[in-house]
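**Student:** Now for the letters of each chain:
Protein chains: 2
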Amino acid sequence: MIRYLYLPVVSGRMAIFEPSKNGAMEFKLTAKASNSRARAGILTTGHGVIETPIFMPVGTAGSVKGIHTRDLEEDIKAQIILGNTYHLYLRPGIQVIEKAGGLHKFNRWNGPILTDSGGFQVFSLGDIRKLTEEGAKFQSHIDGSYHVFTPENVMDIQRSIGADIIMAFDECTPGDADYSYAKNSLELTQRWLERCFTQFNNTEPKYGYRQSLFPIVQGNTYADLRKKAVEHVKTFDADGYAIGGLSVGETVDEMYEMTEVCTADLPENKPRYLMGVGTPVNILEGIDRGVDMFDCVMPTRNGRNGMLFTSEGIINIRNKKWENDHSPIDASGTSFVDQYSKAYLRHLIISGEMLGAQIASQHNLAFYLWLVKTARQKIVNAEFKTWKNEMIMRLKERL
Amino acid sequence: MIRYLYLPVVSGRMAIFEPSKNGAMEFKLTAKASNSRARAGILTTGHGVIETPIFMPVGTAGSVKGIHTRDLEEDIKAQIILGNTYHLYLRPGIQVIEKAGGLHKFNRWNGPILTDSGGFQVFSLGDIRKLTEEGAKFQSHIDGSYHVFTPENVMDIQRSIGADIIMAFDECTPGDADYSYAKNSLELTQRWLERCFTQFNNTEPKYGYRQSLFPIVQGNTYADLRKKAVEHVKTFDADGYAIGGLSVGETVDEMYEMTEVCTADLPENKPRYLMGVGTPVNILEGIDRGVDMFDCVMPTRNGRNGMLFTSEGIINIRNKKWENDHSPIDASGTSFVDQYSKAYLRHLIISGEMLGAQIASQHNLAFYLWLVKTARQKIVNAEFKTWKNEMIMRLKERL
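For the protein sequence lines, the chains are G and A, in the order given. In this text, residue positions in the first sequence follow this note's numbering: the first is 30, and each later residue adds one. In this text, residue positions in the second sequence follow this note's numbering: the first is 30, and each later residue adds one.
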């Protein structure tokens with residue numbers, strides 16, 4: 030068994046990079062696929078560089094569930110993680126995060142962080158919210174207290190959390206909205222976006238390093254609305270652009286189609302972030318369509334339920350067939366947890382042992398990061414399309 | 030922030046030690062306190078050496094809840110862990126463990142393991158068990174199926190699990206038993222002990238290294254029964270002796286008193302194991318009374334509930350006073366998790382985030398191992414009693 034020697038040294042990328050208030054967000058394309066919209070790039074933030082395409086582990090309430098920041102960096106090789114404004118605002122609350130000196134100091138992740146604006150959470154609370162021109166009134170799922178999110182205060186809250194990349198406050202339209210609803214909703218989102226940028230431009234970062242605001246392209250599954258939305262967000266000359274309102278019930282083909290519609294017109298020289306996506310196959314298809322950044326709870330949430338993603342396919346570790354399989358979880362896995370056996374992991378998951386959720390999550394996250402890193406290499410080596418087509422067949426296998 | 034460099038090297042003690050079938054369990058006293066019964070020793074097992082006094086983290090169902098084996102060894106500096114026969118027998122079951130090649134291979138802990146016999150669990154199931162001369166019939170708490178444990182099959186099961194130290198199957202008498210019940214119960218335990226040793230001596234280890242069987246001294250809080258029990262177990266010339274049936278509702282003073290009664294007559298040259306104990310204060314008092322080995326779920330179970338043990342006292346991290354305390358959990362802590370702030374840990378525990386349970390457990394276990402290691406140093410340096418009296422005042426503080 031491999032043992033790890035813990036040397037307390039200053040390691041690689043993160044410790045050397047000096048956060049700088051004046052450092053602008055830079056995005057440089059280093060390679061483009063010829064028969065695909067896939068690109069390889071380097072994104073420079075106030076807390077370090079990110080090689081794109083990249084997957085962002087989700088640390089909703091201030092931690093990536095079950096994963097130490099040390100393992101996020103060293104074992105999973107995450108380069109940027111996501112936090113959620115809605116959750117952090119409710120608990121621990123903005124005052125605690127400010128007193129810590131921002132989220133990076135609070136959770137001890139010293140690399141780049143992106144915060145979602147809370148738009149999706151507010152709207153997934155369904156009936157209990159009131160939506161007006163001013164903003165969205167909602168009830169805390171924790172204690173039922175009422176709160177209002179507006180474009181302005183969501184910018185303020187995200188200034189206080191201190192993520193390197195912050196998101197616009199938008200209306201995440203229900204996936205099955207009809208055209209009229211989707212159009213009105215998009216127009217509200219657009220008016221809110223103007224207010225987001227106004228507030229953003231009238232305020233300063235709080236902790237000594239620059240933050241970037243990304244608009245979100247909405248428009249449901251209506252291509253003309255999506256195109257209108259793209260034209261609108263471009264007028265802000267933002268540091269990057271997100272595609273929102275997908276993976277909310279539409280078909281996978283619709284998701285890919287709308288992604289293509291958006292990336293066709295979004296600026297080449299800015300990163301594109303496809304929010305809430307997805308499975309390993311979705312990610313490769315997104316990269317093929319010109320997406321640079323992804324986030325999804327699937328590796329962690331499904332991991333806790335015993336679903337493992339591997340380069341040979343999907344394993345449902347609860348299945349009886351693994352009961353006496355004492356081979357490593359993933360012989361080509363990159364995480365130290367891959368040394369545990371399938372039988373052991375199955376036992377832990379079925380017994381409800383916390384370590385099972387940890388192992389599965391850590392394996393899946395390491396796999397996702399391996400996947401995008403390999404995709405990047407393939408783009409750089411002009412082999413992406415062939416490799417992607419072959420990988421997708423393997424990734425879909427049920428083992 | 031300190032970063033850890035993961036060098037896959039063969040580390041320290043465990044990788045170098047060669048498990049040997051013929052290696053006898055050795056116990057050597059290296060120091061004894063002059064004004065106390067405390068001793069420092071070295072216990073050699075089929076999977077490595079243990080420096081006593083030692084605390085054994087509890088890995089009930091095959092994992093120490095929330096802790097990777099890597100962190101058990103490198104960060105917590107555990108030297109031996111505990112597994113539980115009752116739980117492992119029910120899930121994953123003996124067949125799976127045998128197919129793995131024993132528990133060490135299954136959970137990838139390559140150091141010494143001790144298994145409790147399941148006696149305590151069977152008896153803590155209360156009314157649903159039937160107790161006869163043959164053994165104990167019980168219902169699985171998982172699916173209600175019926176099973177019978179006898180001295181013989183509990184030896185067989187522990188041969189299959191493969192722990193280095195296995196425990197006798199005994200009746201763990203209720204803490205409030207009257208004298209007559211306690212006497213009859215002790216006599217049953219003694220008859221069962223004879224059968225345990227007969228079965229043990231008629232069987233072989235399964236995996237190529239020696240196992241040792243420890244008897245358990247019962248007798249409730251009746252000094253004369255305890256003395257009788259000690260005399261009986263000594264006739265087996267075992268590799269070590271456990272004191273059971275304490276920390277089950279009697280007062281702390283009764284626990285200490287019974288411990289003294291037992292250690293007064295147990296052989297000096299064999300390790301003494303006080304089962305299910307205890308708080309940091311209990312452990313120091315136990316060491317003072319000549320105990321060498323301890324196990325308890327308190328650091329992990331109470332940790333998951335937000336109770337932290339430190340050298341300056343006890344912290345209830347849920348307390349509002351820590352909400353904005355951004356100082357490290359324990360400035361003199363030995364675990365990497367001690368770098369996280371109190372405010373962050375409080376947030377995680379209150380939010381029900383898994384990482385909170387992990388951090389608190391890991392801190393507590395590292396603290397327990399630090400405590401016994403420091404006690405050992407003090408014994409070796411002839412400073413134990415003075416240090417213990419001072420430490421106990423600090424350990425009892427509520428911060």
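Calculated from the structure, these hints are not laboratory results. Keep in mind that the hints are not guaranteed to be accurate.
One copy or any two copies: either way a pair holds, since identical chains are not told apart in the list.
[Claimed, not checked] For lysine-lysine, the following BS3-like pairs were computed, each having C-alpha atoms within a straight-line distance of at most 30 Å:
1) Lys94 - Lys134
2) Lys350 - Lys94
3) Lys235 - Lys257
4) Lys106 - Lys94
5) Lys349 - Lys94
**Student:** Confirm or reject each hint.
**Tutor:** Hint check results:
With identical chains, the CA atoms of lysine 94 and lysine 134 are at most 30 Å apart both within one copy (18 Å) and between copies (27 Å). Both within a single protomer and between protomers do lysine 350 and lysine 94 lie at most 30 Å apart by alpha-carbon distance, with minima of 28 Å and 25 Å respectively. When the C-alpha separation of lysine 235 and lysine 257 is checked against a cutoff of 30 Å, the pair qualifies neither within a copy, at 34 Å, nor between copies, at 72 Å. Taking identical chains as interchangeable, the C-alpha atoms of lysine 106 and lysine 94 lie at most 30 Å apart whether they share a chain (16 Å) or sit on different chains (25 Å).
In this assembly of identical chains, the alpha carbons of lysine 349 and lysine 94 lie at most 30 Å apart whether taken from the same copy (26 Å) or from different copies (23 Å).
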